[in-house]
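Visitor: Residue-level listing of the chains:
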Amino acid sequence: MYEELRAEVARLGLTDVEVDFTGCHGFCEQGGLVVVEPEGIFYTHVGVADAREIVDAHLRQGKPVERLFYRDPVSRQAVPRYHEINFYKKQQRIILRNCGRINPEKIDHYIANGGYQALRKVLLEMTPEQVIEEVKKSGLRGRGGAGFPTGRKWEFGRNVCADKKYVICNADEGDPGAFMDRSVLEADPHAVIEGLIIAGYAIGADEGFVYVRAEYPLAVKRIRVALEQARARGFLGKDILGSGFNFEVQMKEGAGAFVCGEETALIASIESRRGMPRPRPPYPVQSGLEGRPTTINNVKTLASVPVIIERGADWFASIGSEKSKGTTVLALSGNIANSGLVEVPMGTSLSTIIFDIGGGILNRKRLKAVQTGGPSGGCIPARIPHTPVDYETLTMVGSIMGSGGMVVMDEDTCMVEVARYFLSFTQAESCGKCAPCRLGTKQMLEILTRITQGKGREGDIDTLFTLARTVKETSLCGLGQTCPNPVLSTLHYFRDEYEVHIKEKKCPASKWQRLPRRPLRK
Amino acid sequence: MEPVTIFLNGREVNGRPGMTILELAQQEGVYIPTLCHEPQLVSPGAACPSIGACRICIVEEERTGALLTACTVFITPGMEISTDSPRVLERRRSIIELMLASHPDSCLVCDKGNRCQLRRIAAELGVGRLGFQKVPQTATIKENNPFIKRDLSKCILCAKCIRVCQDLVVEGAVDYFRRGFATRPATFGDGPLEESECTFCGTCVALCPTGALMEAEPAYRGTTANVIRTTCPFCGCGCGLYVEVKDGRVVRTIPDKEDPVTRGTLCVKGSYGYDFIYSPDRLTAPLVKVDGEFREVSWDEALSLIAGEFNRIKAEHGGESLAVFGSSKCTNEENYLLQQFARCVLGTNNIDNGSRLYGAAGLHGSPETGGFFSTNSPLTALEEAEVILVIGADPTASAPLVGYAIKRTARCREAKLILVDPRETRLSLFAELQLRPRVGTDLALLNGLCKVVLDEDLADESVDREAADFAAFAESLAPYTPSHIEEVTGVSHQELRHAARLFAGAKRAAIVYGNGITQQVNGTGALKALSNLVLLTGNRAAVYALQKESNSQGACDMGALPDFLPGYYPVTDREARRRFRDYWGSLPGTPGLTFPETLREAKAGRIKGLYIVGEDPVSSFPDAGYVREALSAVGFLVVQDLFLTETAKLASVVLPAAGFAEKDGTFTNFEGRVNRLRKAVEPPGQSLPDWQILLHLAASMGHPLPYTSPREVREEIEKLVPLYAGIGYGTLEEPAPESGAPERGAGEAAVYRKHPGGTPRLAPVLNGAGPPKPHEAYPFVLLTGSNLYHFGGGTRTSRAPRLRKFSAAAYVSISEADARRLAVSEGDRVRIVSPAGEAAAVVKTTDTLPEGLVFMPFAIAVNPVSQLFSIVLDPERKSLLNKAVNVRIERIGSDG
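So the sequence lines, in the order shown, correspond to chains P and R.
Under my numbering, the residue at position 48 of the first sequence is numbered 63, and the numbers go up by one with no gaps.
Under my numbering, the residue at position 683 of the second sequence is numbered 922, and the numbers go up by one with no gaps.
Please keep in mind that the hints were generated in silico from the structure rather than gathered at the bench.
Hints may contain errors.
[To be verified] Stretch-level coverage of chain P by chain R, calculated; a stretch enters the list once three of its residues show a Cβ under 8 Å from a Cβ in chain R: (1) 233-241; (2) 392-404.
[Said to hold, decoys possible] Quick list of the computed label-pair ranges, beta carbon to beta carbon: (3) P/L377 with R/T377: 42 to 50 Å; (4) P/D254 with R/E267: 18 to 26 Å; (5) P/G249 with R/T303: 43 to 51 Å; (6) R/T377 with P/E230: 22 to 30 Å; (7) R/T377 with P/E473: 28 to 36 Å; (8) P/I399 with R/T303: 21 to 29 Å; (9) R/Y270 with P/E407: 38 to 46 Å; (10) R/P457 with P/C176: 55 to 63 Å; (11) R/R740 with P/G249: 33 to 41 Å; (12) R/T303 with P/K136: 51 to 59 Å; (13) R/T377 with P/G129: 55 to 63 Å; (14) P/E473 with R/Y270: 30 to 38 Å; (15) P/P232 with R/E700: 53 to 61 Å; (16) R/T377 with P/D254: 54 to 62 Å.
We treat Cβ as the ideally placed atom computed from N, Cα and C, and that holds for glycine.
Please work from the sequences and hints to get the whole structure.
Guide: Below you can see the structure in the form of structure tokens.
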């Protein structure tokens, strides 16, 4: 389509038009997308065949193509402009600030949008301690899911004495249905690199790694290009911007193991060993890559850093809820009208996200539950729709912030099947090292599978509880410690559904059919 | 350091900072079950004190309610730990139940029996009926080796096998495979062990907490009640092991995990080679040859016959017509008694021991006289080296424990390994730099290294450059320029310089050498050149002279040598003789004959009586025909052994001796460590320990020796041999009580005998006779070396069914290019002809050898390679030179 647009522009000899590609706009439901700036006219579902019409009608004659306008899924009204669309209007894009707005393969676009200003400020005007202080003050917490305060992590990293330290960007986004890190890397790689360099400066590291999934070939390519450009411009290498600070970044590609998103497994993988977690402490920040202090931050955490430096900690801290500052990026999917990437301030309620931004449930069905945080997250029932999305509240209701996955489920969804589905993923991805995770997930999966097949037995629910608690409390790493969440939360909120499955051998979510209801829609 | 105070089950206790909860609990006698924890598998400096995989050792931190694994969490002040709260016990039970749910119900027939740690912990926790459904794991893997059987349906993935294989023996044969529930330890490609890197050291089998890894043959051995700590009888490493005894029979050997040197590792011989003690070939009664046939006789009859003959010969021909050949496989006490018997009862210094064959016997004496270093450091020092130089040795085959240590140091501590070997060996993979000199050019190479050190001013500042001998030394090196070395050895001048710089630049260096030097032509020169290199670089290097056999070192220490009394006092030293005479009576003062010299004299008819203890020179020495002829010429030959060996068949009287598991004593290993040998079972039939036979024989000859036990002998050694004084040798504790589980054993303290003092001086060493010159009729150089699966002359290993079953027929390795030229391929039979003789073997083609060099290991069950050598002695050390020989190779076609 990009080629087609360019060809058409060239054919018509339009000279005041520039056609360029960007990263993802995050509105999956509506692609392909074409935005005509500066008016901000937003065309959706554009095909190759539509290119000629856009160029000819809109660009040459100034008449927008109405049939390609976005239509609100509820009101069916056409909404021509980007900023008027509910999906975008109610978002606050900080992490995704450049996504869809710049060409990710051109460093000049990034710089023109204020890129590398924060790095300049940090290196030339601030001490590492001041940087850490600023990040601490901003209240930024790890966007990888656990929500550890970033400033404190950096402070630990800074205070450890060592001849060499490392910083790593964790871009091993493994959750199925999560693609926010990928979007940032593909649409705005320099933001991540800038954040990584600032992190290196703050903790006193001179070497960084970007550990990215090999399944993201485009992200891999864009990082490579961005690193080359940053090096060529002197943002990487020796004596950066004349500050005397040296920093190099290497990219490492993962080999497909979900568990490599876990810090210690990630380190093992970079060291060319099998990606398996080891017990913590010692934490990587004490003893990580090659036994050296290593600070690991998520893509979105790092992408937030330059903005915090630029606009100030107070501005950042003014966004979000009391303990969770800034914004969060959610991957909205499931039985929802507007699936896609959504960035909202922390503390935004589930109902705002689902109904206002997400456009509500498809096919006029009723909302049954929302599963947040990826395969290790829990299910939040529809009866608590005003739950604010932040670290503390989600944990309190039995789920997690996690990667930011958000699967919306309608009334026809079988909650036992939901638990079984997510567990089948984590079970297969368990590294196998520790006994509770390797054996306990398998045992739970066997039981859940039996229940969904109508072969549930008296006592299965108690056994599931015992297993889930054992796995959660005794597993070695975060994978095992969180993977029972879908089971525990559905048991907690939808226990009656389990009981109907076991006692009556049928699924209450499907009134006309014995078993099972349709598998979870992805 | 301030102690850390925590509450353990409500009790206030103190621990060291850096202690784990588990360690503190153990110190306080509080039991916490573990399945995957294994202290010796934690490499020093590792981030984690344990792997934390099984999660059985969870305890509860009562302040936070957190469950912590006791093996991985360090104590911090104020902790309140409960090791047996209801929640802890419930979680432990769930984990055990999960393990049992995917474990077969075969406990009744499982050979692991009461040794199974899973079963034991399940019983302790009262796990009876399972609440979970059975989810079976993958089943047995088809293996075709006689050592190890894997039944991974019983695997709980403690990963001890993986960790020991990668971190301790550093073979890397197994690793994690697959993910999730399907995860298991597997070889590369998930094939059988015999197709992997596995060397069947058996260490993993000993560590496996369940029946997942077991001995393959026989499948059922049963649970043992008695366990005895003793020492491996094979190579010079002297590994500590436990012998498990059931119904009076040894059913298993397992490594001693607590041993500070072996750290729970063994090799295939230590783990599976003990079978020979139950060989049907064992001698069970004394034999006397009557009309060419052996006849069983009583001990009295045999002893009085021998006593009569020896006394007669001594009276008629003098003591010098008698000779004794002692064994580097017998204990210190036995060798001490034997040399005393030779010197005081027979009246001769014609005593030697089996290590003569491997060059060890010639290594001894003070460095001033010998002019070279032998072992000067315990093996633990090797693991602190920054640079390790291995020359003339393949320890992965000849001294596996040393091989493990070198690999560990190179892999885990990133030490730089300089390997000098014309062949690629298993160590090559670990080498920073491998120099591949032509066979027999080690001396030139070492001189070349010294030259680079001098020329590039890399010599240590402690070297006195003004000394007179320094100038002479420097002068002598003038011809050994790098370009000359390149010409002579084939090692490029860049590599030579690189090696010299690496070695000289190391603050801590180590040198390991073996038979590749001591059995080589010019070996003496090479040893001196090696000493020069050590001295030039500041005399800091830890030196390790590998020993072939379990007590090569001890037999020499004990004076089973023609020229030295115990402790290396020269027999010519009147003062020393006087010292011993006070205890023993009069001693002959002229040096005796080495064993090869004895053979020569025997052939000439001048040796009338010969007493061979625990050696089989017909099988192990070169030129069996010559040895046979010489021994046949001896009028009265007495052989004392476990088996009716080829040598014993020539004897007039054969005495049945006890094996290593059947007697008490001590071995001294290559590093000078004194290891205890303890009696585990009774010797078969009428056979007796060598020391008892010796005492009986001396008494029969009318010259009783005043001892009744090995301990009394030790007490005397401690008094008379300064090397063994003050180390607690005389009172080394008596046999441990025959009970108790070895995994809870306290381990055995390492006791080292002292090192002979003195330092060699820098001295010029010039090339003597060159390497074997290529000869038109014999265009190949044949190199011999050790075979991991066999040992020495094969007397014992060829009678160990599992080792025998696994080892190939006699083979010769030939480079692919040479094989093409000879038109032979893998599996063909060839005849190898040397000036001394010929041997048949099967061809193995390899890419580990340069063209023109072939390799044929020693010690296949029938040992044909020794036929290719003749007996040639190093003039100075009087060691046998049988490392390399020129040969030609002929194909044995179908037409013959």
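Visitor: Hints first: check each against the structure and report whether it holds.
Guide: Here is what the structure says about each hint:
1. Closer than 8 Å: that is the beta-carbon criterion, and the segment 233-241 of chain P has 0 residues meeting it against chain R, so the requirement of 3 is violated.
2. By the rule of at least three residues with a Cβ nearer than 8 Å to a Cβ of chain R, the coverage given for the segment 392-404 of chain P is violated, with 0 such residues.
3. At roughly 44 Å, the beta carbons of P/L377 and R/T377 sit within the given window of 42 to 50 Å.
4. Under the hint 18 to 26 Å, the C-beta atoms of P/D254 and R/E267, about 56 Å apart, miss the expected range.
5. The supplied range of 43 to 51 Å is met by P/G249 and R/T303, whose beta-carbon atoms lie about 49 Å from each other.
6. Restraint check, R/T377 to P/E230: a C-beta distance of roughly 28 Å satisfies the suggested window 22 to 30 Å.
7. Taking 28 to 36 Å as the suggested C-beta distance range, the pair R/T377 and P/E473 conforms, at roughly 31 Å.
8. Under the hint 21 to 29 Å, the C-beta atoms of P/I399 and R/T303, about 28 Å apart, fit the expected range.
9. Look at R/Y270 against P/E407: about 40 Å separates their beta carbons, and that is inside 38 to 46 Å.
10. At about 58 Å, the beta-carbon gap between R/P457 and P/C176 stays in the expected band of 55 to 63 Å.
11. At about 37 Å, the beta-carbon gap between R/R740 and P/G249 stays in the expected band of 33 to 41 Å.
12. Between R/T303 and P/K136 the Cβ separation comes to about 41 Å, which falls outside the hinted range of 51 to 59 Å.
13. Checked against the hint of 55 to 63 Å, the pair R/T377 and P/G129 passes, with Cβ atoms roughly 57 Å apart.
14. A C-beta distance of roughly 37 Å is found between P/E473 and R/Y270, which places it inside the suggested range of 30 to 38 Å.
15. For the pair P/P232 and R/E700, the beta carbons lie near 58 Å from each other, so the given range of 53 to 61 Å is met.
16. Between R/T377 and P/D254 the beta carbons are some 57 Å apart, a value that agrees with the proposed interval 54 to 62 Å.
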